[in-house]
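Visitor: Single-letter residue listing:
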Amino acid sequence: MSCDYTHTALHGYLDGELDASRSEEFERHLEGCRECAKALETEESLRSILQRSGLCESAPHSLRKKIRAELDAATSVPIAQRIPLWRWAAVAASIVLVAAISWYAWPGSGSGTRNPAAPPFTAAELIDAHIRSLQPGHLTDVASTDQHTVKPWFLGKLDFSPPVEDLASIGFPLAGGRIDYVAGRPVAALIYQRHQHAINLFVWPVADANDNGPASATREGFNLLHWTCSGMTFWAVSDVNPAALRRFEAEYDLQTNGGSQS
Amino acid sequence: MSGFDQGRGSDLLDVHERARFEQLVLPHLDAAFNLARWLLRRREDSEDVTQEAMLRAYRFFRGFHGGDARAWLLQIVRNTCYTWLEKNRPVELMSEFDEELHPQPSVSPESLAIAGDNRERLGRALETLPPRFREVLVLRELEGCSYKEIATITAIPIGTVMSALARARQRLQRALTQPPVEEARREL
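If you read the protein sequences in the order shown, they are chains H and U.
Note that the numbering used here numbers the first sequence so that position 210 is 210, with each residue one more than the last.
Take the position in the second sequence, starting the count at 1, then add 1000; the result is the number in the numbering used here.
Okay, chain U solo, but in the shape it has when bound (with noise of 0.2 angstroms):
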C-alpha cells in the first residue's frame, strides 16, 4: 500500500488524542461525506460508511504522524467505499479502465454549457461513469486536491494521475451530450 502509514488500530484514545482528532481530521468531515457520496451514490449508504471510515480513522489515528490530515482521511474513506463495495456491489467494479483514450468530435464549450446548467442532468452524467473516473474528477474538480494527493487517496502512480483525468473529463463530457441508451429509454 503506497502513501500514509495508517498505522495499527488499537486500544481507546486518550483525551489528548481526541482534542488533536478534533482538530486535524474533523474539520475534513464534509469532503469524506462528499467523497463517499459520490463513490456510493446513495445518500444512506455513504452516511454509513463516512461513520465507519471516521471511525477507522479514529483506531488508526496513532499511525498519523502529520502531514496532509485530509488526504490521510480521504485515504481511508475512499478504502472502506471500495472494500464496501466489493461486498454488497461488486458488478459497479467491473469493467473498469478498459476503455482507450479514443479520439472523438470534440464537444463545444456552449453545448456544454447548455447542458451542465442542470444541476440534476450533470450529477446523473457523473454518477454513470466508472467509480475509477468518478472519484479523480470528484477530488480534482469539487475537493480542489493536487495531483499529488489523488495520487495518495487513489493508490494511483502520479505519473498516470493526469491521463486518468483526461479520460474522465472525456467520459463526462460524452455523458453529458450523449445521454446514455439506458436513460434515453427511460424517459420515453
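So here's chain H without its partners, still in its complex pose (with noise of 0.2 angstroms):
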C-alpha cells in the first residue's frame, strides 16, 4: 500500500539533501510512481504553507536590550561602547581645541616647572592617543589584571621594560597593556580601571633623569599628571578628576619606589 520512498528518500530529495546519483535514481521511480508524485505535492504545499506562514518570529527589542546589558556586565573593559555618542563629539571638539595648545603653553597651568628641554610632542597627542585607545578593540593588546602577565608582554616588544604596578587595592585594577607611539617613539601604555573610566598610563625612557618634577593639566575634560621616577617618564591620561589621578600617580610612585615586586 505504501511505497518506502514516501517517507525517505522523497524528503532527501524535497529538501535538495540526495546526492546526484540518488537524486536521479528517485527521480526515475517517480515517473511510475503515482504514490509518491502526490506525496510530493502535498509535502511542497506544506512547505510553501510554512514559509508564507509567517511563523517565523523576531525577538522583540526589549529582548535584545537586555541581551546587551548582560553582555556588558559580563565584559572586562566596556567602557568604550558606553561613551555616548554626544561624549564623542565633545572629545572631537577637545582635540581641536587642545591641537591649537602647544606643548610651552600647557604646563604653565600645572604644579610644573617648564622644561625647555621638553619634548617635541603636546599634550594633545597624548590625549589623541588616550581617545583612540577608547575606540571598541583598541583599549589593550595585552588584557590583563595580573601585572605578571602585563609587564613579561613587552619583554621584546620595547628596548626597555616598564614598572606594572598592582593598584587594585586602592581602586586603580590594572586592564592591561598596549604598545603605542607618542613623541616619535614607541612608548608603553598601562590601562587602569576606575569605576567605569580608563586610565591611560604612558611610559618611556628619558635621557635626562633631572626631567621636571609632577605638572598637571586639565583640558577639556581630561586631566593629564606627569612624573618621573628612575628614568622614565610617566604620563597619566583619563577623565577621572584630578584628586583621584593624583592618588593615583602617588601610590604607583610608592610602589614603584617602595621596592615592591613588579
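Do not take every clue at face value.
[Claimed, not checked] In silico DSBU-like pairs for lysine-lysine, Cα to Cα no more than 30 angstroms straight-line:
no., chain 1, residue 1, chain 2, residue 2
1, U, 1148, H, 151
2, U, 1087, U, 1148
3, H, 38, U, 1148
4, H, 151, U, 1087
Quick caveat, the hints were computed from the structure, so don't treat them as lab data.
Build the complex from these two chains, which are given one at a time in their own frames, with help from the hints.
Guide: See below:
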C-alpha cells in the first residue's frame, strides 16, 4: 500500500539533500510511482504553507536590549562602548582645541616648571592617543589584570621594561597593556580602570634624569598628570577627577620606589 | 555530546572577544528566539530562556573556534530549552518518538492549503507536535537549516534527520487536517 520512498528519499529529494545519483534514482522512480508523485505534491504544499505562514518570530527589541546589558556586565573593559555619541563629539571638539595649544603653553597651568628640553610633542598627542585607545577594540593589546602577565608581554617589544604596579587594592585595577606611539617613539601604555573610566599611563625612558617634577593639567574634561621616576617619564591621561589621578600617581610612585616586586 | 565543543565557562571576556561575539553570534539572535519560542510555546518563557542561552553562549564563546556560528548558538539554545522543560514542564518531554510511522490516507494538497491558510491554526497545529518533531520542522522550514546543521543542533545522527522530518511532516499534516479531539471539544 505504501511506497517505501514516500517516507525516506522523497524528503531528502524535497530538501535537496540527496546526492546526484540518488536524486536521479528517485526521479526515475517518481515517473512510475503515482503515490510518490502525489506525496511530493502534498509535501511541497506543506512547505510553501509553512514558509509563507509568517510563523517565524523575531526577537523583541526589549529582549535585545536586556541581552546587550548582560553582555556589558560580562565584559571586562566595556568603557569604550559606554561612552555616548554626544561625548565623542565633545571629545572631537576638544582635540581641535588642545591641538591649538602648544606643549610650551600648557604646563604653566600646573604645578610643574617648564622644562626647556621638553620633548617635541604636545598634550594633544597624549589626549589623542588616549581617545584612540577608547575606540572599540583598541584599548589593550594584552588584556589582563595580572601585572605578571602584562609586564613580561612588553619584553622584546620595547627597548625598556616599564614598571607595572598592581593598584587594585586602592581602586585602580589593571586592565592590560598596549604599545603606543608618542613623541616619535614606541611607548608602553598601561591601562588602569577607575570605576567605568579608563586611565592610560604612558611610560618611556628619558635621557635627562632631571626631568621636571609632577605637572598636571586639565583640558576639556581630560586630566593629565606627569611625573618621572628612575629614568622613566610617566604620563597619566584620563577623564577621572584630578584628585583621584593624583592618588593614582602617589600610589604608583610609592610602589615603584617602595621595592614592591613588579 | 556531539557537535561543537561548547568550551568551558570562564571569567569575563574582553572587548576583542565581545566585538567578535557581536559580529559572529549576535546576528543569529532572531533564529535563537524563534527556536526557543517554538520549543517553549510561551513568549515570556522564550524570552527568559533565550536571554539565559545568549549569556551561556557568551561565557562559552572562547570554546568556539570558528565554523557555523548559527548552529553553535542554536545548539546551546536548544539545550537550554530542554533543561528548562525538564525542570518546569517534564510532562511535555514524555511520550516522544513512541509512535511509528503509520501508513495513513494521504492528505490532498488542496485540503492542506485551505487548513494552512490560517496562521493561528497552523501555529496551533505545530504546537501540538512533540518538541522533537517541532524542532526539526522549525529548523528545516523556518530557519532553512541543512540536515548536517539539524544533526548538530539536535544531537541526532545525521542519518536519522530525514526520517525525523518525514514523521514530523506527517504529524503536522494530520494535525492540520484532523484537529485533535481536545481541540475539537474546546471549540464546542
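Visitor: All the hints need checking, so say for each whether the structure fits it.
Guide: Okay, the hints, checked on the actual structure:
1. Of the pairs offered as hints, the one joining residue 1148 of chain U and residue 151 of chain H is violated, with about 46 angstroms between alpha carbons and a cut-off of 30 angstroms exceeded.
2. For the hint linking residue 1087 of chain U to residue 1148 of chain U, the alpha-carbon distance of about 29 angstroms falls within 30 angstroms, and the restraint holds.
3. With a C-alpha separation of about 27 angstroms, the suggested pair residue 38 of chain H and residue 1148 of chain U falls inside the 30 angstroms cut-off, and the hint holds.
4. Between residue 151 of chain H and residue 1087 of chain U, the direct Cα distance comes to roughly 48 angstroms. Violation of the 30 angstroms bound is thereby established for this hinted pair.
Comparing the model with each earlier hint shows violations of hints 1, 4; every other hint is respected.
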